[in-house]
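Dock chain B against chain A, hints included.
Here the protein sequences line up with chains A and B, keeping their order. For the first sequence, this note's numbering assigns the number 996 to the initial residue and increments by one for each residue that follows. For the second sequence, this note's numbering assigns the number 996 to the initial residue and increments by one for each residue that follows.
Accuracy of the hints is not assured; some may be wrong.
The list treats identical chains as interchangeable, and a pair is accepted whether it falls inside one copy or across any two copies.
As the list claims (entries may be wrong) - Here are the simulated EDC-like cross-link-like pairs (lysine to aspartate or glutamate), alpha carbons at most 20 Å apart as the crow flies:
(1) K1170 x E1123
(2) K1196 x E1012
(3) K1120 x E1029
(4) K1129 x D1151
(5) K1170 x E1185
(6) K1155 x D1168
(7) K1170 x D1151
(8) K1131 x D1151
(9) K1196 x E1185
(10) K1088 x E1077
(11) K1120 x D1168
(12) K1170 x E1122
(13) K1036 x E1077
(14) K1196 x E1123
(15) K1042 x D1094
(16) K1129 x D1140
In case anyone wonders, no lab produced these hints; they're calculated from the structure.
There are 2 protein chains.
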Amino acid sequence: MTKVISISREFASGGREIGKKLAERLSFAYYDKEVINEIAKDTNLSKEYLDHYSESNLTRNFPITIGHSFGLVYPMITPSDEVYKQQIDVMKKLAGEGDCVFIGRCSDYILRNMNILRVFIYSTKMEEKIDRCKAKANVDELISDTELKKRILKVDRDRKEYYEYYTSLTWGDVKNYDLCINTARFSVDEAVEIIAKAITKI
Amino acid sequence: MTKVISISREFASGGREIGKKLAERLSFAYYDKEVINEIAKDTNLSKEYLDHYSESNLTRNFPITIGHSFGLVYPMITPSDEVYKQQIDVMKKLAGEGDCVFIGRCSDYILRNMNILRVFIYSTKMEEKIDRCKAKANVDELISDTELKKRILKVDRDRKEYYEYYTSLTWGDVKNYDLCINTARFSVDEAVEIIAKAITKI
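Okay, chain A solo, but in the shape it has when bound:
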C-alpha cells in the first residue's frame, strides 16, 4: 500500500530539510511548494497568490449584514478557502500516485485516511532556530536576533491559526501525530534516520 509521510513543523526547526532528505533516502516523491505549482498549472491562480494563502494569512469568513437585517448571511468563499480547497484536491491526487512526503499544509489532516505517518518536527532551542534562519538569509536581509525571534514566533502563530481553523484540531498537540521529534536533541540526519526506521513499521 502507498506510504505517505506528513511532516508538520515549527518554523526554522529543520523540518523541511528533514522531509527533503527523507524523500531522497527513501526514494519517495517530495511535495512542498510542488503542491502550489501543481495547482497553478490547473487553475488561473498565480503561484504568489497560492503561496501567500497556502498555510498562513488566513482570511476568515465573517457574516455580512446589510443595514439592520441581522441574520441575513451571504456565504462567501475567502481566498484561504479557495486555496485550501484546491490543496485538498491536489494533495489527494498526488498521494494516490505513490509513496511520498508532504510538508505542512494540513497534510496530516487532509490525508488522514491514507496509510500515513504523521510527524511533527519542533525545536526547544530558539537560538538554533535563529542560527538556521541566518544561515539561509541573504546578506541584505540580516536583521537582529530579537527581530528574527519575533518573526519565527509569528510564522508559527500564523500556521497554528490556519491549521486550527481548517482542522478544528490543536497544532503541535501530540494527539494529531504518530511521531514527534525535537531537533534541539537530534540533528537533521539523525531525525531522518529515526523516521526512516519508523516508516518501515507502517
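Leaving out everything else, chain B in the frame of chain A:
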C-alpha cells in the same frame, strides 16, 4: 557518558512495557517501582505509602492561618513533598550508577541535566487502552468499558496534576520531550526499535 532514558507515559499506552523491553534490549538498568523499593530500604516509609504518593495523589500545601492573623504561614511538608524529595535523591543516585531507563515520576525533569533522552508514550486509541487494562486485570476485577475508560482518564489527570505541581511544566506537551511516540500507530516492539535507534544518537 552515562545514558538515561526517561519514559513518561499515558496510562495503558504500553509505556511501561516499552521501557522494560528497551532496558532488556539495551542492557540498561530498569527503574520503575525499583525507585520505591530503594527509598523504602533507606527510610522508615512503607512501600505502600511511597507508592501511593510517588506520582499521583498530590497533597497540596495550603497556608495555615490562625484566627484573623492572615499572612501567618507555617511551612508544612506534605506526604507528596516528602516522597518527591526522596525520589529526587534516589533517582539521581541511581542515574549516576550507569545507563538506565526510568519510568515516569517526573524523571524527565529531575534528571534533565544528565545525558538524557526524554520520551513520551501515548495512544490516541482509547479502545486499545481499555483492552490493555483488561488483559492485565484479574477475573474478579473485571468492570465495564465505560468504568475502565473513566479510571484510565482519572489516572492521567492525577499524573498530570502531580507532574505540573512539581515541575511547573505541562504534562504531555512536546516541549518537554525529545521524542513522542503514539502507540495507536506503533506496537510495543516497534516503539522499542524506534527508541533504540534514537538512543544511539545521543
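Status of each hint after checking the structure:
1. K1170 x E1123: Close across copies (15 Å), not inside one copy (26 Å); limit 20 Å.
2. K1196 x E1012: This pair counts as between: shortest inter-copy Cα distance 18 Å, intra-copy 22 Å.
3. K1120 x E1029: neither (29 Å within a copy, 33 Å between copies)
4. K1129 x D1151: within (17 Å within a copy, 41 Å between copies)
5. K1170 x E1185: Classified as between; 19 Å across copies, 23 Å inside a copy.
6. K1155 x D1168: For K1155 and D1168, the Cα distance is within 20 Å both inside one copy (11 Å) and across copies (15 Å).
7. K1170 x D1151: both (18 Å within a copy, 14 Å between copies)
8. K1131 x D1151: within (18 Å within a copy, 42 Å between copies)
9. K1196 x E1185: both (18 Å within a copy, 7 Å between copies)
10. K1088 x E1077: within (17 Å within a copy, 59 Å between copies)
11. K1120 x D1168: both (18 Å within a copy, 15 Å between copies)
12. K1170 x E1122: The answer is between: 15 Å across copies meets 20 Å, while 27 Å in one copy does not.
13. K1036 x E1077: Intra 15 Å, inter 66 Å, cutoff 20 Å: intra-copy only.
14. K1196 x E1123: between (31 Å within a copy, 18 Å between copies)
15. K1042 x D1094: Neither. Shortest intra-copy (25 Å) and inter-copy (52 Å) distances fail the 20 Å Cα cut-off.
16. K1129 x D1140: This pair counts as within: shortest intra-copy Cα distance 9 Å, inter-copy 53 Å.
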